[in-house]
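Once you've looked at the hints, dock chain B against the given chain A.
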Amino acid sequence: MEKTSSKIKLGAFVMTGTILLIVALYLIGTKQNLFNKTFSVYVRFNNVNGLIAGNNVRFAGITIGTIKKVSIENDSTVLVQMVIREDGIRYIRKKSVAEIGSDGLMGNKLVNLSTPDSDSPFVQANDTILSLSAVATDEMMRTLNTTNDNVLEITSDLKKITKRIYNSSPMWDLMSDSIAAENIRRTLRNIESATTIAGRMTTDAELLLSEIHDGKGMAGKILSDDSTARNFEETMVNLKAATDTAKLALHHMHEFMEDLNITPGPLGVLARDTVMASDMKSIFHNLDTSVRLLNENLEAMRGNFLFKKYFRKKAKEDKKAAQ
Amino acid sequence: MPRQEAKAFRDFLLEVGSISDFTARFFREGFKPRYEWSELIRQCYVIGYKTLPLVGVTAFIMGLVLTVQSRPTLEEFGAESYLPSMVALSMIREIGPVITALICAGKIGSSIGAELGSMKVTEQIDAMEVSGTNPFKYLVVTRVTACTLMLPVLVVIADCISLYAAYIGVNFKDVVSLDLFFSKVFDSLVFGDVLPAMIKTYFFGFAIGIIGCYKGYNSTKGTEGVGIAANSAVVVSSLVVFILDLIAVQIADILGLT
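Same order as they appear, the protein sequences are chains A and B. Note that the first sequence covers residues 19 to 341 in this note's numbering. Note that the second sequence covers residues 20 to 277 in this note's numbering.
Only chain B is shown next, with the shape it has when bound in the complex:
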């Protein structure tokens, strides 16, 4: 193996080991009192509520576009009546959670990475340690927990918005009542569609939070490091979202939930 590739592989393993250690520390610090409730609620507000407009608009567009784009294919089979079912299954099982997670990875991951990175390079984290505050508990645990808790809520709301958008999309060419549309939607859904999708969003949120915090908390090289931290937080957390999605699909398949 060439030396450069060996170094890259070694760096990769080091990064994985560091993230694992960081995650283990999160669990150690997270379950230990004292809990930073007010900071957690503030982070929930910032991460959840403040992200809702962006997620909502994206979900609305996704629902509408998916409906309008799927219609010609279904029309070829004379199966337009399956449009609500198809959009519902697509959005709730896959597109809703993944798109929301990617939006959050972009907005929240970069924001956490940049915020903690700038605090790191300006030595605010060190100052907190000196003042007797546990910076990990205050900065990392609250953000990761808020991310983990808020992402499923965002996904539920995003799914509903996208289904409403699909209803509007169906009515572009058909006349379907809201009652009939949602009756068809829930006819096609079973718990096996909703629950695995909801469970995996907790992992998406946790991954986005932990990677954003890790990248920011361990940033170096001054202001340049802040940019790198923000950027790599988005890239890595987006990639991890897809990897987790793949694992979730495989597990759901093994458990017979697909």
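Only chain A is shown next, with the shape it has when bound in the complex:
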């Protein structure tokens, strides 16, 4: 009886151990999709960042498969074979994109699938889908390191600036000076108004340019009107002709002057003889004096009763002619 009881206990013990082992192996196998219908889908990466067989494949955050194989295809490409469950394959399309991520900051690597184009056909077994380059932690750390260096430099500069400001007595005087503050405020107001004016000027300039562009105004017409250009061209031609004519006239003048110098005529003598010129000047002076005296005599005649009637009659006729 005791022997039978021992055997039953032993049987229960062995069965418990065996069942637990089988259940554990079944659960592990289920997690690795050994007992489900699965499809293989391939993806190529330049760098898998430590992705290994057994890592999960997720779609919209849900695990739909596992990585079966990771193999180097050539010197720049790694081929990853994903095993997707039947219930997950119907959401994956040919234009789905695979990206390597990680399960938390320190977690296992995994492949995240997303579908940017929902119009493309569904993926079939052994299809290859597109991939996105993973953001490597090392690269992130390198960038962060550079950023840290920059921040360090900036804070160091800031520290120097702050120290200078702190040690600068003029700065503190300026900061405590209420008049200076009022001046600064006024200056700022002026700057503001100047800015407003500048803005207005800019608007006006823009308007002016726009009008010029549209051919409005004199400048616009000059710049945009074809006829003006033609007129300008004609003017230039005329100017050229005038210049030629003037050049010819000058030439003739030059010849004339040469003749004047060479030929012993009265004009040449008049031009070169200084004594005669002085006499001529005296003659003109005397003539001027005579004319003035004659004018005075004529004025005196006007006042004379003998000629008074004549001048009155002439004035009346002039007035009538003017009316």
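There's no promise every hint is true.
What the hints assert, rightly or not - As a list, the in silico DMTMM-like pairs of lysine to aspartate or glutamate whose alpha-carbon atoms are at most 25 Å apart:
no., chain 1, residue 1, chain 2, residue 2
1, A, Lys27, B, Glu134
2, B, Lys26, B, Glu243
3, A, Lys25, B, Glu58
Since the hints were derived computationally from the structure, they do not count as laboratory data.
Quick look at chain B alone, frame taken from chain A:
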């Protein structure tokens, strides 16, 4: 080389040679009929079932302690959610098999060494030979086989108990359902974690059984020899468990199972 060290080295080689011969004899006798089924089952009951309470309590404590002790370190990284995975991997890959094997080395190894040693010094083994019973087949083969078969079962049950203890440990400070806990446990496990651990437990069991039997079967010097046999069975089998574990890890690493 000094004479004393040379003698010690010679004794060591002699011991290794004797154990190897003893092991070879086990295989010779083990596959030869007639098989001692009833004694094998009795030994399985004694070695397996009777050791379960001790192994179970140890595994429960180990699972609980490991969880509670690991939590602060993981908390520093904000990775408490990895506690089930970490405990599962630790227990199933290493701690479960090794602790169970050490408990068995202490309990079973000493018990076999003392039992066979006392039978040897009281000449019961000789009496069995005289009566026509093959003492090696009856005493050694059954015990070693029972040890080899029962240790993996003990390890599986110990792993499960320790995982349940880890679940209790996680719930000391968190609220995690049993379903979520075991989902996280099996998410982190692959066959490469379970199978090498299971295979090495067969070798642990075999080593504990064969060393216990060898020490007891070859004990001398009367009652004093029984104590020596029991003691050396525990010490040597514990040491061999660690050596086998080291070899198993290296083989698993070479095969890419780590």
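- Query: Keeping to a limit of 25 Å between CA atoms, is the pair of Lys25/A and Glu58/B held or broken?
  - Reply: Satisfied, since the Cα-Cα distance of roughly 11 Å is no more than 25 Å.
- Message: Run the distance test for Lys27/A versus Glu134/B: straight-line Cα separation, threshold 25 Å.
- Response: Holds: Lys27/A and Glu134/B sit about 23 Å apart, inside 25 Å.
- Between Lys26/B and Glu243/B, is the straight-line Cα distance small enough, at 25 Å or below? holds (23 Å)
Of the numbered hints stated above, none is contradicted by the structure.
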